[in-house]
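Going down the list, the protein sequences come from chains A and B. One point on numbering: in the working numbering, the residue at position 191 of the first sequence is 191, and numbering is uninterrupted. One point on numbering: in the working numbering, the residue at position 62 of the second sequence is 62, and numbering is uninterrupted.
If you are wondering where the hints come from, they were derived from the structure by calculation, not from laboratory data. Bear in mind that the values here come from a model prediction, so they are computed numbers and not experimental data. Check the hints yourself; a few may be wrong.
The list cannot tell twin chains apart, which means a pair is met if one copy fits it or any two copies do.
[Stated by the list, open to error] Okay, derived cross-link-like pairs now, DSS-like style, lysine-lysine, Cα gap no bigger than 27 Å in a straight line: (1) K6 to K69; (2) K6 to K174; (3) K2 to K174; (4) K10 to K174.
Protein chains: 2
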Amino acid sequence: MKKIGKQTIKFDNPPTISECSSIVGPKEAQGPLAKYFDKTLEDEFWGAKSWEKAESKIIKEATNMVISKSGISSQDIDCVFAGDLLNQCISSSFGLRETNIPFFGVFGACSTFVESLSLGSIATEAFANHVLCATSSHFCSAEKQFRFPLELGNQRPPSSQWTVTGSGAVILSKSGNGPYITHITPGKIVDMGIKDANNMGAAMSPAFADTLITHFNDTGRNPSYYDAIISGDLGHIGKDIAIDIAKSKGYNIKSNYNDCGVLIFDKNSQDTHSGGSGCACCATVFSGYFFKQLREKKIKKILLIATGALMNSTSSQQGESIPGIAHAISIEL
Amino acid sequence: MKKIGKQTIKFDNPPTISECSSIVGPKEAQGPLAKYFDKTLEDEFWGAKSWEKAESKIIKEATNMVISKSGISSQDIDCVFAGDLLNQCISSSFGLRETNIPFFGVFGACSTFVESLSLGSIATEAFANHVLCATSSHFCSAEKQFRFPLELGNQRPPSSQWTVTGSGAVILSKSGNGPYITHITPGKIVDMGIKDANNMGAAMSPAFADTLITHFNDTGRNPSYYDAIISGDLGHIGKDIAIDIAKSKGYNIKSNYNDCGVLIFDKNSQDTHSGGSGCACCATVFSGYFFKQLREKKIKKILLIATGALMNSTSSQQGESIPGIAHAISIEL
Numbered sequence: 001m002k003k004i005g006k007q008t009i010k011f012d013n014p015p016t017i018s019e020c021s022s023i024v025g026p027k028e029a030q031g032p033l034a035k036y037f038d039k040t041l042e043d044e045f046w047g048a049k050s051w052e053k054a055e056s057k058i059i060k061e062a063t064n065m066v067i068s069k070s071g072i073s074s075q076d077i078d079c080v081f082a083g084d085l086l087n088q089c090i091s092s093s094f095g096l097r098e099t100n101i102p103f104f105g106v107f108g109a110c111s112t113f114v115e116s117l118s119l120g121s122i123a124t125e126a127f128a129n130h131v132l133c134a135t136s137s138h139f140c141s142a143e144k145q146f147r148f149p150l151e152l153g154n155q156r157p158p159s160s161q162w163t164v165t166g167s168g169a170v171i172l173s174k175s176g177n178g179p180y181i182t183h184i185t186p187g188k189i190v191d192m193g194i195k196d197a198n199n200m201g202a203a204m205s206p207a208f209a210d211t212l213i214t215h216f217n218d219t220g221r222n223p224s225y226y227d228a229i230i231s232g233d234l235g236h237i238g239k240d241i242a243i244d245i246a247k248s249k250g251y252n253i254k255s256n257y258n259d260c261g262v263l264i265f266d267k268n269s270q271d272t273h274s275g276g277s278g279c280a281c282c283a284t285v286f287s288g289y290f291f292k293q294l295r296e297k298k299i300k301k302i303l304l305i306a307t308g309a310l311m312n313s314t315s316s317q318q319g320e321s322i323p324g325i326a327h328a329i330s331i332e333l
Numbered sequence: 001m002k003k004i005g006k007q008t009i010k011f012d013n014p015p016t017i018s019e020c021s022s023i024v025g026p027k028e029a030q031g032p033l034a035k036y037f038d039k040t041l042e043d044e045f046w047g048a049k050s051w052e053k054a055e056s057k058i059i060k061e062a063t064n065m066v067i068s069k070s071g072i073s074s075q076d077i078d079c080v081f082a083g084d085l086l087n088q089c090i091s092s093s094f095g096l097r098e099t100n101i102p103f104f105g106v107f108g109a110c111s112t113f114v115e116s117l118s119l120g121s122i123a124t125e126a127f128a129n130h131v132l133c134a135t136s137s138h139f140c141s142a143e144k145q146f147r148f149p150l151e152l153g154n155q156r157p158p159s160s161q162w163t164v165t166g167s168g169a170v171i172l173s174k175s176g177n178g179p180y181i182t183h184i185t186p187g188k189i190v191d192m193g194i195k196d197a198n199n200m201g202a203a204m205s206p207a208f209a210d211t212l213i214t215h216f217n218d219t220g221r222n223p224s225y226y227d228a229i230i231s232g233d234l235g236h237i238g239k240d241i242a243i244d245i246a247k248s249k250g251y252n253i254k255s256n257y258n259d260c261g262v263l264i265f266d267k268n269s270q271d272t273h274s275g276g277s278g279c280a281c282c283a284t285v286f287s288g289y290f291f292k293q294l295r296e297k298k299i300k301k302i303l304l305i306a307t308g309a310l311m312n313s314t315s316s317q318q319g320e321s322i323p324g325i326a327h328a329i330s331i332e333l
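With these hints in hand, go ahead and build the complete structure from the sequences.
Right, dumping it as structure tokens:
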């Protein structure tokens with residue numbers, strides 16, 4: 001691999017995405033992408049005694065599923081990159097503690113899925129035969145931790161997003177027939193001073209635009225090169241802002257750009273306000289929907305840019321703004 | 001680089017540790033290693049309005065310091081790996097948001113320093129000229145978040161450890177005169193069922209032993225190969241357990257093994273019970289003390305194994321055990 005331009009890495013032997021798995025919760029199971037997910041849950045607990053334990057179970061079963069589907073023995077997986085939104089990333093560490101695979105914990109808030117694929121791709125070209133990447137989030141554990149106890153029944157403002165319950169897991173392999181991860185463009189932290197923790201789309205869209213445009217500059221590509229440019233969880237408001245920022249910088253992405261948080265819920269019937277969010281939003285929509293579109297050759301080139309808001313409830317209470325980040329990977333047949 | 005044995009990576013062109021910096025708090029400034037740290041603070045706030053903001057300032061200044069000491073322009077640093085103990089790693093994201101360098105957030109609890117050096121080493125051999133690695137922790141923000149408000153004045157049990165206030169930052173470079181990171185052995189999650197959140201040393205020492213012995217098996221080395229085998233923050237109790245586990249597996253490490261949490265505070269006069277802990281424990285003791293020992297050729301081969309407890313306060317309240325992890329790097333002149 002080699003660095004090209006300011007911050008993009010181009011792979012000489014692009015890693016193959018060998019297999020993906022996706023598990024989602026009951027609300028996602030009522031959304032427009034329901035039929036693409038491997039498993040849909042009937043309730044938020046899945047037999048566990050707490051939302052946190054349920055989230056651990058979801059990422060555990062998603063990783064078991066992707067290993068099983070791939071036919072690759074877990075002993076042949078060289079390392080795992082995983083993370084989630086819970087404090088100290090306990091969903092991943094508890095969910096994956098029985099895997100017996102060297103474990104790298106990563107945290108990029110809702111950008112974690114693409115961060116794990118980026119580092120997993122580097123590891124695959126550099127030394128590994130197979131790498132496992134996984135992330136999760138859970139509406140109830142996230143609301144409890146970041147906002148209010150669900151039992152309070154607080155109203156949610158129109159700009160708020162709905163954390164996706166679910167997990168997506170991926171196995172990357174050194175050899176295979178694609179789809180291939182050909183480039184990664186890791187993002188810088190971008191903080192434009194947005195302080196509204198109920199408007200994550202606005203806080204993260206400048207980071208999305210920064211990574212998007214850097215990717216185009218570094219690779220010499222333009223928006224029309226890709227069949228689809230997909231952001232992680234900007235939601236309806238953030239998506240509109242992202243289109244506007246890109247346009248102001250000379251890039252028209254309106255025709256082939258969409259957002260996983262926009263796609264996963266039905267705007268009219270599901271009452272999620274600005275759409276989906278969370279580590280699992282991008283992870284399940286990619287693993288469930290886009291990966292199958294690639295495999296069936298319905299699309300051939302995707303630029304996947306997951307966005308994250310690098311704050312916590314303490315930082316918001318202390319009056320801090322919300323630093324955003326966005327990591328991009330280019331996936332091609 | 002190539003994988004050797006079960007889980008070790010050997011570098012063909014080992015990255016150089018070009019420079020280190022360390023900043024510590026007032027209690028560490030009264031400890032036996034005080035004179036080795038680059039900067040010691042007079043109070044826990046350093047002019048900031050909260051402990052969290054102080055911790056962000058500490059990691060920010062530690063990274064500014066290592067960049068300044070190295071003479072390398074921040075524009076020439078290809079990426080940063082950073083993480084910390086605060087929820088959603090806000091110390092790192094707020095502290096480093098102005099660096100303008102592609103940012104990979106990592107979380108391995110107190111193993112984060114060596115996790116960041118491991119991934120930084122892979123990045124350096126694979127594509128980067130220079131990589132920045134940094135971690136922090138803060139006694140007051142950690143107590144507030146993981147245990148009790150300091151204002152309560154709770155008694156601490158004898159097995160508890162004292163979170164180090166400080167930050168260590170490192171620049172790795174593709175070329176240089178060493179010390180070199182020659183091998184990394186990333187650890188698996190090991191959970192032996194320990195549930196006492198006031199005895200982290202006991203919870204983490206099995207993970208330390210697992211990675212230690214795997215490293216020896218993978219490399220064909222034995223304890224006497226190294227001038228020093230150093231764990232991150234097992235403390236006095238965990239250190240004794242680690243020696244016992246290693247002995248039971250046929251490895252006598254007693255003569256050249258020590259722990260950063262044991263070294264940073266004076267057992268008799270500083271009342272920290274089982275010693276130091278936190279991401280900054282290993283980071284400051286390595287960056288402040290051992291790096292200088294290597295530069296002055298007083299020691300030539302170190303095996304540095306940082307340990308982490310992958311739990312949070314919710315998991316403990318829900319009756320969960322404490323999964324441990326340990327990542328090892330071999331540093332040689």
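| query | Against which earlier hints does the structure fall short, listed by number upward? | reply | none
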